[in-house]
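Once you've looked at the hints, dock chain B against the given chain A.
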Amino acid sequence: MKASHREVLAPLLQDAVEGVFAAYGNESRAVEGEDHGHNIVAVLGFAADHLRGGLALGISFELAKRISPQGVGTPDHDWVGELANQVLGRMRNQLLRYDVDLGVGSPVVLAGVGISVKPSRDVGLHHQCFLSRGERFDAFLEVVFEEGYEFKAPREESVAAGEGSLLMF
Amino acid sequence: MQMTHGVSAMSKKILIVDDSATVRQQVRAALEQVGFIVTEAVDGQDAVQKMSGGFSGIVCDVNMPRMNGVEFVEVVKKQPEHAALPILMLTTEGSPELIRRAKAAGAKGWIVKPFKPDQLVAAMQKLTG
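Going down the list, the protein sequences come from chains A and B.
With the first letter of the first sequence counted as 1, position 101 gets the number 101 in the working numbering; the numbers rise by one all the way through.
With the first letter of the second sequence counted as 1, position 14 gets the number 14 in the working numbering; the numbers rise by one all the way through.
Read the hints as simulated data drawn from the structure, not as lab findings.
None of these values were measured; they are calculated from a predicted model.
Just so it is clear, CB atoms sit at the ideal spot from N, CA and C, and this is done for glycine as well.
Some hints could be false.
As the list claims (entries may be wrong) - Looking from chain B toward chain A, a few residues come up when the C-beta cut is under 10 Å (computed):
id, residue
1, Met-64
2, Gly-94
3, Gly-106
4, Gln-119
5, Ala-123
Isolated chain A (complex conformation) (with noise of 0.2 Å):
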């Protein structure tokens, strides 16, 4: 991924995981670490004028366990589909101010052991590492600009409803 493109889209994926673990009580923040395999990995695909690309969030079973709903019943797994699919869906609000509008997948969840991302192609993954309650958890994201593509300056204000808004017609 070209300096200028993770300049934008880095920052918007720290706060989209740190805003949506925070919404459901869950402090995270950033930290420098590598990929050590996961238990559980949600991707999700997304495509726009200009680029397309993934984005996967994954965790530990015991991470999981700890950040799912209680009492509600339906596989942790689920749960972690649910948080990328929120984490994307901050992404392209934000995104909105830069005229990027996103058309998102539905996520698909893998479990197992010791599961890895690595980059399908030759354009460079992007990894963030997370801390939340005492464990590590990772995200990353894979873009595939159109050749010579850079982001537009973004807008002062933000374009989208935002989180938790409530619009009646």
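The following block gives chain B in isolation, referenced to the frame of chain A:
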């Protein structure tokens, strides 16, 4: 009978449309707590097939496989017997273009996830009251 904000939800049936089982359960828990009766659908196509359930309102996600939430609203509102049914969108999406499209199709409200259960309940009580 449980009352919140002066409106009884008892015996009113709500259809929840979301491809996440966890979100469906969260919405179900919030609505059942005030007396709504809840049915679930996993996407727009599944919801279309369940529309004969005598619902008073619908809570609907946007990004779903097979038929997304805005397409679902467009389909439902073309059916005369369901044209007046209030539909509340519950989604990560905040795009003004999508919101305009859903409003034009006949949706009555839009909540951007993460949602507060009280906010969702109050909106559904208002829409179905």
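Verification of the hints:
1. At its closest, the beta carbon of B:Met-64 sits 7 Å from a beta carbon of chain A; the interface hint therefore holds under the 10 Å criterion.
2. With a least beta-carbon distance of about 3 Å to chain A, the hint placing B:Gly-94 at the interface is held under the 10 Å criterion.
3. Using the Cβ-Cβ criterion of 10 Å, the hint placing B:Gly-106 at the interface with chain A is satisfied: the shortest such distance is roughly 9 Å.
4. Using the Cβ-Cβ criterion of 10 Å, the hint placing B:Gln-119 at the interface with chain A is satisfied: the shortest such distance is roughly 6 Å.
5. Proximity of B:Ala-123 to chain A holds as hinted, the smallest CB-CB distance being about 6 Å (cut-off 10 Å).
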